[in-house]
Amino acid sequence: MDNDLPGMELLRTPSGIVRTIESILDALCVVLLILMTCITTIDVVGRYIFHAPLHGAYESNELLLGILVFAAIPRVTWHQQHLTVTVIDGWLSPLIRRLQKKILSLISASGLAILSYFLWLHGKQLADYGDMSHALQLPIAPFAFAIAIFTGIAALAAFLHLFIKQP
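Just so we're aligned: the sequence shown equals residues 145 to 311 in the numbering used here.
Simulated from the structure, these hints should not be mistaken for lab results. These numbers come from a predicted model, not from an experiment. It cannot be assumed that every hint is accurate.
Here are the in silico distance ranges between beta carbons for each label pair [as the list claims (entries may be wrong)]:
1) H278 x H226: 19 to 27 Å
2) G234 x Y192: 21 to 29 Å
3) L172 x A279: 18 to 26 Å
4) Y261 x L236: 29 to 37 Å
5) I178 x W235: 43 to 51 Å
No residue lacks a Cβ here, since even glycine has one placed at the ideal position from N, Cα and C.
Take these sequences, add in the hints, and give me the full structure.
Pasting the structure below:
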(Lines of atoms letter the chains of each structure in order from A and count residues from 1; the text may use other names and numbers.)
(Lines give C-alpha, C1' and ligand atoms only; values in the text may rest on other atoms or scores of the structure.)
Protein backbone atom coordinates (compact mmCIF):
# COMPACT_ATOMS: atom_id res chain seq x y z
CA MET A 1 0.00 0.00 0.00
CA ASP A 2 1.46 3.33 -1.06
CA ASN A 3 0.86 6.13 1.42
CA ASP A 4 2.34 9.60 1.12
CA LEU A 5 1.19 10.73 4.54
CA PRO A 6 3.95 10.91 7.14
CA GLY A 7 3.65 8.29 9.85
CA MET A 8 1.35 6.06 7.81
CA GLU A 9 4.01 3.59 6.69
CA LEU A 10 3.69 0.10 8.13
CA LEU A 11 6.38 -1.17 10.42
CA ARG A 12 8.06 -4.17 8.83
CA THR A 13 7.50 -7.25 10.93
CA PRO A 14 10.80 -8.97 11.66
CA SER A 15 11.13 -12.69 11.23
CA GLY A 16 10.92 -14.85 14.30
CA ILE A 17 8.44 -14.92 17.15
CA VAL A 18 6.72 -11.62 16.28
CA ARG A 19 6.10 -12.75 12.71
CA THR A 20 4.81 -16.12 13.98
CA ILE A 21 2.39 -14.49 16.44
CA GLU A 22 1.22 -12.08 13.76
CA SER A 23 0.63 -14.95 11.30
CA ILE A 24 -1.35 -16.92 13.89
CA LEU A 25 -3.50 -13.90 14.73
CA ASP A 26 -4.04 -13.16 11.02
CA ALA A 27 -5.14 -16.76 10.40
CA LEU A 28 -7.45 -16.63 13.43
CA CYS A 29 -9.07 -13.43 12.14
CA VAL A 30 -9.60 -15.00 8.71
CA VAL A 31 -11.17 -18.12 10.23
CA LEU A 32 -13.43 -16.02 12.46
CA LEU A 33 -14.60 -13.89 9.52
CA ILE A 34 -15.33 -16.99 7.44
CA LEU A 35 -17.23 -18.58 10.34
CA MET A 36 -19.29 -15.44 10.87
CA THR A 37 -20.06 -15.24 7.15
CA CYS A 38 -21.12 -18.90 7.02
CA ILE A 39 -23.28 -18.60 10.12
CA THR A 40 -24.99 -15.47 8.79
CA THR A 41 -25.53 -17.01 5.34
CA ILE A 42 -26.99 -20.22 6.77
CA ASP A 43 -29.21 -18.21 9.12
CA VAL A 44 -30.53 -15.92 6.37
CA VAL A 45 -31.14 -18.76 3.90
CA GLY A 46 -32.79 -20.85 6.60
CA ARG A 47 -34.91 -17.95 7.81
CA TYR A 48 -36.21 -16.67 4.46
CA ILE A 49 -36.28 -19.80 2.30
CA PHE A 50 -37.00 -22.62 4.76
CA HIS A 51 -38.61 -20.56 7.56
CA ALA A 52 -36.15 -22.19 9.98
CA PRO A 53 -33.46 -19.80 11.25
CA LEU A 54 -30.21 -21.15 12.65
CA HIS A 55 -30.56 -21.48 16.42
CA GLY A 56 -28.03 -19.28 18.23
CA ALA A 57 -26.76 -17.53 15.09
CA TYR A 58 -27.00 -14.05 16.58
CA GLU A 59 -25.34 -15.10 19.83
CA SER A 60 -22.53 -17.01 18.14
CA ASN A 61 -21.79 -14.03 15.89
CA GLU A 62 -21.73 -11.78 18.97
CA LEU A 63 -19.12 -13.98 20.64
CA LEU A 64 -17.07 -14.44 17.47
CA LEU A 65 -17.09 -10.69 16.78
CA GLY A 66 -15.77 -9.98 20.27
CA ILE A 67 -12.89 -12.39 19.71
CA LEU A 68 -12.28 -10.99 16.21
CA VAL A 69 -11.97 -7.39 17.41
CA PHE A 70 -9.57 -8.23 20.22
CA ALA A 71 -7.56 -10.64 18.05
CA ALA A 72 -6.92 -7.77 15.62
CA ILE A 73 -5.82 -5.24 18.27
CA PRO A 74 -2.26 -6.63 18.66
CA ARG A 75 -1.64 -6.23 14.91
CA VAL A 76 -3.03 -2.70 14.89
CA THR A 77 -0.89 -1.85 17.91
CA TRP A 78 2.27 -3.41 16.47
CA HIS A 79 1.91 -1.45 13.23
CA GLN A 80 0.86 1.70 15.13
CA GLN A 81 -2.27 2.08 13.03
CA HIS A 82 -4.64 3.30 15.74
CA LEU A 83 -6.75 6.32 14.91
CA THR A 84 -4.83 9.46 15.80
CA VAL A 85 -5.41 13.18 15.64
CA THR A 86 -2.32 15.15 14.70
CA VAL A 87 -3.05 18.71 15.73
CA ILE A 88 0.43 19.87 16.72
CA ASP A 89 2.70 17.30 15.06
CA GLY A 90 3.58 19.66 12.21
CA TRP A 91 5.04 22.15 14.67
CA LEU A 92 7.19 19.67 16.58
CA SER A 93 10.80 18.91 15.83
CA PRO A 94 11.70 15.34 14.76
CA LEU A 95 13.33 14.72 18.16
CA ILE A 96 10.20 15.80 20.06
CA ARG A 97 8.01 13.69 17.74
CA ARG A 98 10.13 10.60 18.47
CA LEU A 99 9.89 11.35 22.21
CA GLN A 100 6.14 11.82 21.84
CA LYS A 101 5.83 8.39 20.16
CA LYS A 102 7.79 6.76 23.00
CA ILE A 103 5.60 8.41 25.65
CA LEU A 104 2.43 7.39 23.81
CA SER A 105 3.73 3.81 23.49
CA LEU A 106 4.37 3.74 27.24
CA ILE A 107 0.88 5.09 27.99
CA SER A 108 -0.69 2.60 25.55
CA ALA A 109 1.28 -0.32 26.96
CA SER A 110 0.33 0.61 30.53
CA GLY A 111 -3.34 1.09 29.70
CA LEU A 112 -3.57 -2.14 27.74
CA ALA A 113 -1.74 -4.09 30.46
CA ILE A 114 -4.12 -2.78 33.13
CA LEU A 115 -7.11 -3.55 30.91
CA SER A 116 -5.78 -7.06 30.26
CA TYR A 117 -5.38 -7.67 33.99
CA PHE A 118 -8.94 -6.58 34.78
CA LEU A 119 -10.34 -8.57 31.86
CA TRP A 120 -8.56 -11.65 33.25
CA LEU A 121 -10.08 -11.00 36.69
CA HIS A 122 -13.49 -10.65 35.06
CA GLY A 123 -12.96 -13.96 33.26
CA LYS A 124 -12.14 -15.63 36.59
CA GLN A 125 -15.31 -14.15 38.06
CA LEU A 126 -17.37 -15.44 35.12
CA ALA A 127 -15.79 -18.89 35.55
CA ASP A 128 -16.51 -18.90 39.29
CA TYR A 129 -20.16 -17.97 38.71
CA GLY A 130 -20.46 -20.44 35.84
CA ASP A 131 -21.98 -17.82 33.52
CA MET A 132 -23.33 -19.26 30.29
CA SER A 133 -24.63 -17.71 27.08
CA HIS A 134 -28.41 -17.63 26.77
CA ALA A 135 -29.23 -19.48 23.56
CA LEU A 136 -26.31 -21.86 23.12
CA GLN A 137 -25.45 -22.37 26.81
CA LEU A 138 -21.73 -21.86 26.13
CA PRO A 139 -19.50 -20.87 29.04
CA ILE A 140 -18.55 -17.19 28.66
CA ALA A 141 -15.33 -17.32 30.71
CA PRO A 142 -13.13 -18.76 27.91
CA PHE A 143 -14.13 -15.85 25.67
CA ALA A 144 -13.20 -13.37 28.41
CA PHE A 145 -9.86 -15.12 28.95
CA ALA A 146 -9.12 -15.03 25.20
CA ILE A 147 -9.92 -11.31 25.09
CA ALA A 148 -7.63 -10.73 28.08
CA ILE A 149 -4.81 -12.64 26.37
CA PHE A 150 -5.19 -10.68 23.11
CA THR A 151 -5.19 -7.42 25.07
CA GLY A 152 -2.03 -8.57 26.87
CA ILE A 153 -0.36 -9.30 23.52
CA ALA A 154 -1.32 -5.79 22.37
CA ALA A 155 0.22 -4.37 25.57
CA LEU A 156 3.42 -6.27 24.82
CA ALA A 157 3.42 -4.92 21.25
CA ALA A 158 3.07 -1.35 22.54
CA PHE A 159 5.80 -1.99 25.12
CA LEU A 160 8.20 -3.28 22.46
CA HIS A 161 7.87 0.03 20.61
CA LEU A 162 9.81 1.64 23.44
CA PHE A 163 12.88 -0.25 22.21
CA ILE A 164 12.40 0.06 18.45
CA LYS A 165 14.19 2.90 16.70
CA GLN A 166 11.53 5.08 15.09
CA PRO A 167 12.15 6.95 11.82
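Status of the hints after comparison with the structure:
1. H278 x H226: 19 to 27 Å: violated, 33 Å
2. G234 x Y192: 21 to 29 Å: violated, 53 Å
3. L172 x A279: 18 to 26 Å: holds, 24 Å
4. Y261 x L236: 29 to 37 Å: Distance hint for Y261, L236 holds at roughly 33 Å.
5. I178 x W235: 43 to 51 Å: Holds, since I178 and W235 (Cβ atoms, about 46 Å apart) stay within the stated range.
Of the numbered hints given earlier, the model fails hints 1 and 2; all others are met.
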